[in-house]
Amino acid sequence: VAIIVLGYSISQGLLVVVNWWQAYWASNMREPNSSHSSTWFGLWYFGFIAFGAIATVCRSIAVMLLLLRSSKNLHDELFRRVLAAPVNSYFDVTPVGRILNRFSNDLDQMDSLLPQQWQNFVQNISLSVGGFIVCALASYWIGLSYIPVVAALVVTGFYFKKTSREVKRLEGISRSPVYNLLGETLNGVQTIRAFGMQATFEELNARAVDENASFFFIYWAAGRWLAVRLDTLSVVVIFVVSLYLVATKGQLGTLLSGISLVYALMLTSMVQSSVRDVDRTDNAMTSVERVLHFCEIPQEEEKDSLDSPPINSDLWPSQGAITFANLHLKYRPELPLVLRGVNMTIAGGEKVGICGRTGAGKSSLMIALFRICEFDSGTITIDGVDIQDIRLHDLRRSLAIIPQDPVLFSGPLRDNLDPFGEYADSDIWTVLKQVHLADAVASWGSGLLFVLAEKGDNLSVGQRQLLCIGRALLKKSKIVVLDEATANVDTTTDSLIQATIRETFAHKTVLIIAHRIHTILHCNKIAVMSAGRVAEFGPPAELLAQPTSIFASLITPKLK
Numbered sequence: 001v002a003i004i005v006l007g008y009s010i011s012q013g014l015l016v017v018v019n020w021w022q023a024y025w026a027s028n029m030r031e032p033n034s035s036h037s038s039t040w041f042g043l044w045y046f047g048f049i050a051f052g053a054i055a056t057v058c059r060s061i062a063v064m065l066l067l068l069r070s071s072k073n074l075h076d077e078l079f080r081r082v083l084a085a086p087v088n089s090y091f092d093v094t095p096v097g098r099i100l101n102r103f104s105n106d107l108d109q110m111d112s113l114l115p116q117q118w119q120n121f122v123q124n125i126s127l128s129v130g131g132f133i134v135c136a137l138a139s140y141w142i143g144l145s146y147i148p149v150v151a152a153l154v155v156t157g158f159y160f161k162k163t164s165r166e167v168k169r170l171e172g173i174s175r176s177p178v179y180n181l182l183g184e185t186l187n188g189v190q191t192i193r194a195f196g197m198q199a200t201f202e203e204l205n206a207r208a209v210d211e212n213a214s215f216f217f218i219y220w221a222a223g224r225w226l227a228v229r230l231d232t233l234s235v236v237v238i239f240v241v242s243l244y245l246v247a248t249k250g251q252l253g254t255l256l257s258g259i260s261l262v263y264a265l266m267l268t269s270m271v272q273s274s275v276r277d278v279d280r281t282d283n284a285m286t287s288v289e290r291v292l293h294f295c296e297i298p299q300e301e302e303k304d305s306l307d308s309p310p311i312n313s314d315l316w317p318s319q320g321a322i323t324f325a326n327l328h329l330k331y332r333p334e335l336p337l338v339l340r341g342v343n344m345t346i347a348g349g350e351k352v353g354i355c356g357r358t359g360a361g362k363s364s365l366m367i368a369l370f371r372i373c374e375f376d377s378g379t380i381t382i383d384g385v386d387i388q389d390i391r392l393h394d395l396r397r398s399l400a401i402i403p404q405d406p407v408l409f410s411g412p413l414r415d416n417l418d419p420f421g422e423y424a425d426s427d428i429w430t431v432l433k434q435v436h437l438a439d440a441v442a443s444w445g446s447g448l449l450f451v452l453a454e455k456g457d458n459l460s461v462g463q464r465q466l467l468c469i470g471r472a473l474l475k476k477s478k479i480v481v482l483d484e485a486t487a488n489v490d491t492t493t494d495s496l497i498q499a500t501i502r503e504t505f506a507h508k509t510v511l512i513i514a515h516r517i518h519t520i521l522h523c524n525k526i527a528v529m530s531a532g533r534v535a536e537f538g539p540p541a542e543l544l545a546q547p548t549s550i551f552a553s554l555i556t557p558k559l560k
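So in the UniProt record's numbering, the last spot in the sequence shown is 560, and the numbers never skip.
FYI, nobody ran anything at the bench for these hints, they're computed from the structure.
Keep in mind it's a predicted model, so treat the numbers as computed, not measured.
Cβ coordinates follow ideal geometry from the N, Cα and C atoms, glycine included.
Please note that a few of the clues may not be correct.
Said to hold, decoys possible - Listed below are the simulated DSSO-like cross-link pairs for lysine-lysine, each with C-alpha atoms no more than 30 angstroms apart in a straight line:
{"no.": "1", "residue 1": "K72", "residue 2": "K455"}
{"no.": "2", "residue 1": "K475", "residue 2": "K508"}
{"no.": "3", "residue 1": "K72", "residue 2": "K161"}
{"no.": "4", "residue 1": "K433", "residue 2": "K476"}
{"no.": "5", "residue 1": "K476", "residue 2": "K508"}
{"no.": "6", "residue 1": "K455", "residue 2": "K475"}
{"no.": "7", "residue 1": "K455", "residue 2": "K433"}
{"no.": "8", "residue 1": "K508", "residue 2": "K455"}
{"no.": "9", "residue 1": "K476", "residue 2": "K455"}
{"no.": "10", "residue 1": "K433", "residue 2": "K330"}
{"no.": "11", "residue 1": "K433", "residue 2": "K475"}
What the hints assert, rightly or not - If you anchor each label on the Cβ, the simulated ranges turn out as follows:
{"no.": "12", "residue 1": "F79", "residue 2": "P403", "range": "16 to 26 angstroms"}
{"no.": "13", "residue 1": "F217", "residue 2": "V189", "range": "24 to 34 angstroms"}
{"no.": "14", "residue 1": "G188", "residue 2": "S60", "range": "42 to 52 angstroms"}
Using the sequences and the hints, build the whole thing.
This is how it looks when you write it as structure tokens:
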């Protein structure tokens, strides 16, 4: 900061010196007995310019580095806070368009517009102060005449800023629905076309764009309102200075009169620019305000027991035994309970199928196990350790999940299987053999460097799911959760995946959320969820033997 202030001071001082030296040079050359040659004046003149250019470049580089570093720090903090935000209390209630707006338009304002506007503002202020000092030194009457005009400019600027800032904020708020609707349309384009709703969504988009454009138009119309008033005040300043110079009939001399008039023209322009830059910088700061607001998002780790010592993943969990004790869970405080007193004990190495009708609480069990939502009451213990006493990072690294929709990222196959680079290539090839993909990967030509398209679109759904199984297998977790992992594949691929799961996870505790009831008939036990409770729990043969069993009622229609 000290370097920046010094740079602006030197640049402004040298600008005044250059203008004065130029005028002094011109007046001296008219004298027949000048003591110095034009070469001497020229060398000093270009020396001042070169020194000023160096100071200006150093100052500008320092300003840009400072502002870009600040922008980077804000971006990194924003990214970290959003990634660590709770799913239930943040992502479930925050429109995607609002998040996109922060990471696109607001960060663009901070990276491109704000540094330039801030630099222009400080530069114009320094030029205005320098010009005012020069004019005041030339004649205090000229300096006094500037005071009411500058005061009028400042009052006009602040009056305009009150409206401009709010309109700019409303323009930013109205932009989020545009991004949100765009994201929803892209995600649901097949459904929109299937139901012939293109015209409806076109109308919704037109309304959102029109609302945003109306605020944008008001903002720029207000800017034209300000420009007219600033130009009027500038003309008044130039008229007053010119009138004074004519009225005093050359009392200031040619040198001072010329400098006064030049700086009067420059000062009015700089003050106008300063007022505009104050408004633009202030409006650009609304982006910083919104980003800072996002940086206050509550974090999952804030609820975590940070005093808990780190867990040695080689020692815990050792068996994979899980106990749910009187577990109650709701997604947010204002919502009803989704788990109501769940009690269940799963021995290490058991395969447990979890089934039930839609909304019964199957996925909520997994949400509680991974602590995606902190539960209201009750406990979950793994090998006798309460998971609420475990650091969230350690807990989730100790568990593996195979989701219903396989998640893959664009990039090398190796990075998708081992994103943290913890395993050797031989370990990855061993896993690929276990999931029956080694031959396919070898045939692709690039081996582990084979580049996956976005979302793994250059692979079949079954291959993507097998890669997710391989990723879970590579972690060597004692507990594996399958969230309807075969819901979106055909019967042949389903059979292959089920066989792979039985082979590769034979000695692990496996929780399977069932979409197809026949996929859990091989499990050691079945947990039937109903209205947030474990309605039935036991071996599948025992449950099927009971005519009134809920599990029997679920599977009988399937068998028919």
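Structure-based check of all given hints:
| no. | hint | in the structure |
| --- | --- | --- |
| 1 | K72 x K455 | holds (28 angstroms) |
| 2 | K475 x K508 | holds (12 angstroms) |
| 3 | K72 x K161 | holds (28 angstroms) |
| 4 | K433 x K476 | holds (15 angstroms) |
| 5 | K476 x K508 | holds (9 angstroms) |
| 6 | K455 x K475 | holds (21 angstroms) |
| 7 | K455 x K433 | holds (22 angstroms) |
| 8 | K508 x K455 | holds (28 angstroms) |
| 9 | K476 x K455 | holds (24 angstroms) |
| 10 | K433 x K330 | violated (41 angstroms) |
| 11 | K433 x K475 | holds (16 angstroms) |
| 12 | F79 x P403: 16 to 26 angstroms | holds (23 angstroms) |
| 13 | F217 x V189: 24 to 34 angstroms | holds (30 angstroms) |
| 14 | G188 x S60: 42 to 52 angstroms | holds (47 angstroms) |
Of the numbered hints given earlier, the model fails hint 10 alone.
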